[in-house]
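Produce the entire structure from the sequences given, and follow the hints as far as they go.
As they're listed, the protein sequences go chains G and X. Heads up, the first sequence is in numbering that gives the first Met the number 0, so the first residue is 0 and it goes up one at a time. Heads up, the second sequence is in numbering that gives the first Met the number 0, so the first residue is 0 and it goes up one at a time.
In case anyone wonders, no lab produced these hints; they're calculated from the structure. Heads up, some of the hints might be wrong.
Claimed, not checked - Derived EDC-like pairs (lysine to aspartate or glutamate); straight-line CA-CA distance at most 20 Å:
1. G:LYS275 - X:GLU5
2. G:LYS95 - G:ASP74
3. X:LYS20 - X:GLU10
4. G:LYS95 - G:GLU22
5. G:LYS271 - X:GLU280
6. G:LYS244 - X:ASP252
7. G:LYS275 - X:ASP252
8. X:LYS127 - X:ASP139
9. G:LYS263 - X:ASP252
10. G:LYS275 - G:ASP239
11. G:LYS65 - G:GLU273
12. G:LYS263 - G:GLU253
13. G:LYS215 - X:ASP244
14. X:LYS215 - X:GLU167
15. G:LYS65 - G:GLU130
16. X:LYS130 - X:GLU105
17. X:LYS215 - G:ASP213
18. G:LYS275 - X:GLU277
19. G:LYS259 - X:GLU277
20. G:LYS149 - X:ASP15
21. G:LYS259 - X:ASP139
22. X:LYS267 - X:GLU277
23. G:LYS192 - X:ASP139
24. G:LYS140 - G:GLU130
25. G:LYS192 - X:ASP244
26. G:LYS259 - X:ASP276
27. X:LYS183 - G:ASP105
28. X:LYS267 - G:GLU273
29. X:LYS224 - G:GLU146
30. G:LYS275 - G:GLU253
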Amino acid sequence: MLFFNQFDIILMLIGVDKMNIIEIKDLSFSYVENSPVLRDVNLTIKKGEWVSVLGHNGSGKSTLSKLIIGLLKADKGDIIVDGITLTEDTVHEVRKKIGIVFQNPDNQFVGVTVEDDIAFGMENLCFDRVEMLERIDEYAKKVNMFEYLKKEPHNLSGGQKQRVAIAGILAMKTDIIIFDEATSMLDPIGRDKIMEYIKEINDSGVTVISITHDMKEAVNSDKIIVLKDGQVLASGDTNDILNDKATLNASNLELLLPLKLLYKLEESGLNKPELKDLLWRLSLNK
Amino acid sequence: MAIKFEQVSYEYIGVDGSSYKAINDINLDISDKHEFITLIGETGSGKSTLVQHMNALVKPSSGTVSIYGIKVYKDVRKKAKNVKLNPLREKVGLVFQFPEYQLFEETVLKDIIFGPRNFGVSLEEATKRAKDIINLVGLDESYLERSPFNLSGGEKKRVSIAGILAMEPDILVLDEPTSGLDPKGRDALLELFTSINKTLGKTVIIITHDMNTVYKYATRVLVMKKGSLVFDGDPIDLFTNQAIDQWNLDLPDLLEITRQLEAHLNVKFNKLPRSIDELFELVKGVL
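As structure tokens, this is what we get:
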């Protein structure tokens, strides 16, 4: 009996450790009748994972993220976030757990100043004022927009707006953050900084879902899900998908340049293990 | 010169009366023949503000922009009442960031012909142009009768670019046209700009953060930093001779990998590869 109890506890611990924070079951959605954007999508995302969602334009990536936060209503199927099945009654509870940064920051600007905008998400979650002010400063500094706090958002550039939108969502400290092409308008160094920062919050336990076309961004994630025409074409460890030429090609994506070179060398019989290591390291940005 | 900037500055004024210079003392010449220019630089460096001066959408706070001989300066409409700026917008077509949000008509066809119809092109001619152009942007004619609102982001982007192309501008300016497109869609669009540049002989100016695009396509590159134009020249010169870190830029993938391979193999290749095939040949040569 004692043994049984311990076993139970171990099972529980394993269960907690590998808990699915998002489960999607048989999800289908269409904007217009008879032309489904998503068809019978099944996937799970574990707590603390960093998952990249890749796919061609129109493959259903952004629609999927809007369904997860309840901006759209599924035709069929279930979305379960941290144990809560998403319905009209639970949508507010679910949104407290998920922050989303959209591709076009203009879609999420409401405030008169940058400061108001960063505060907006926190205000909705009824944060304490003192803590809110602290976080505004902290996150504005993290995305390098501190000196713009009193400025009007409409006078900012596209990339600056993206950084403000990111700060506003990060400041909410939700369990899950979805980045929908959130770094597409940043300069290379600015993008690298945001990527480092995403890595940091992921290391601290936040589940990250990043929708992207940028393979250099996807290499940072633990897992990659590839969508094609509204269905899951492939799902697996990042290294495996990076290597999967057929899948990438089928979804309008491309191999990273060092891997392209590696395959060309291998095809012509030039197999140098050392070079292979180097080209993989370069691919993974390490 | 088709477009000439002389000591152009532009200030934004906030509601509280504070101001900051988005661009500062810009001097720049742009020809309408065969240039493929990329405009790069950190976020907030003034790239979008600069290109909005190219068709008089925004007027300088100080200095003058001459566009096809018409001088545009502060309060030009008040000081020179007979100056017409509208025709400039037909000559210099400007595609904004997220042009897809500007689609508003019931059908793709109506959206594409909206611009040319506004400039007095007949319905028949505008429709003919739309049919040619829809193929040029990689969509087929069946799209013309569809609603723009049921298209994907990439498709909407193509339709909005088609709308500007239908005005047959001599200079095509695009503000981050490929952000948000998948790699195949991005390459298809860049090939389209290349063919507009090479076959039709038009000047194409694009704002981008993608150094691979700069290296592969541009004949000239402009770099902005904090409102100033800090580099105007050849992309190879930029990537091989300049300290690009100071401008928040990085190397194109091809050059980065080439550099790493040179260091690792302890060799110096005799030329810079322009494509993965060329890099392959270079590596093969030293193995």
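Verification of the hints:
{"no.": "1", "hint": "G:LYS275 - X:GLU5", "result": "52 Å, violated"}
{"no.": "2", "hint": "G:LYS95 - G:ASP74", "result": "23 Å, violated"}
{"no.": "3", "hint": "X:LYS20 - X:GLU10", "result": "4 Å, holds"}
{"no.": "4", "hint": "G:LYS95 - G:GLU22", "result": "17 Å, holds"}
{"no.": "5", "hint": "G:LYS271 - X:GLU280", "result": "16 Å, holds"}
{"no.": "6", "hint": "G:LYS244 - X:ASP252", "result": "19 Å, holds"}
{"no.": "7", "hint": "G:LYS275 - X:ASP252", "result": "17 Å, holds"}
{"no.": "8", "hint": "X:LYS127 - X:ASP139", "result": "14 Å, holds"}
{"no.": "9", "hint": "G:LYS263 - X:ASP252", "result": "17 Å, holds"}
{"no.": "10", "hint": "G:LYS275 - G:ASP239", "result": "15 Å, holds"}
{"no.": "11", "hint": "G:LYS65 - G:GLU273", "result": "44 Å, violated"}
{"no.": "12", "hint": "G:LYS263 - G:GLU253", "result": "14 Å, holds"}
{"no.": "13", "hint": "G:LYS215 - X:ASP244", "result": "19 Å, holds"}
{"no.": "14", "hint": "X:LYS215 - X:GLU167", "result": "25 Å, violated"}
{"no.": "15", "hint": "G:LYS65 - G:GLU130", "result": "29 Å, violated"}
{"no.": "16", "hint": "X:LYS130 - X:GLU105", "result": "17 Å, holds"}
{"no.": "17", "hint": "X:LYS215 - G:ASP213", "result": "18 Å, holds"}
{"no.": "18", "hint": "G:LYS275 - X:GLU277", "result": "19 Å, holds"}
{"no.": "19", "hint": "G:LYS259 - X:GLU277", "result": "12 Å, holds"}
{"no.": "20", "hint": "G:LYS149 - X:ASP15", "result": "10 Å, holds"}
{"no.": "21", "hint": "G:LYS259 - X:ASP139", "result": "32 Å, violated"}
{"no.": "22", "hint": "X:LYS267 - X:GLU277", "result": "14 Å, holds"}
{"no.": "23", "hint": "G:LYS192 - X:ASP139", "result": "41 Å, violated"}
{"no.": "24", "hint": "G:LYS140 - G:GLU130", "result": "16 Å, holds"}
{"no.": "25", "hint": "G:LYS192 - X:ASP244", "result": "13 Å, holds"}
{"no.": "26", "hint": "G:LYS259 - X:ASP276", "result": "10 Å, holds"}
{"no.": "27", "hint": "X:LYS183 - G:ASP105", "result": "26 Å, violated"}
{"no.": "28", "hint": "X:LYS267 - G:GLU273", "result": "18 Å, holds"}
{"no.": "29", "hint": "X:LYS224 - G:GLU146", "result": "17 Å, holds"}
{"no.": "30", "hint": "G:LYS275 - G:GLU253", "result": "19 Å, holds"}
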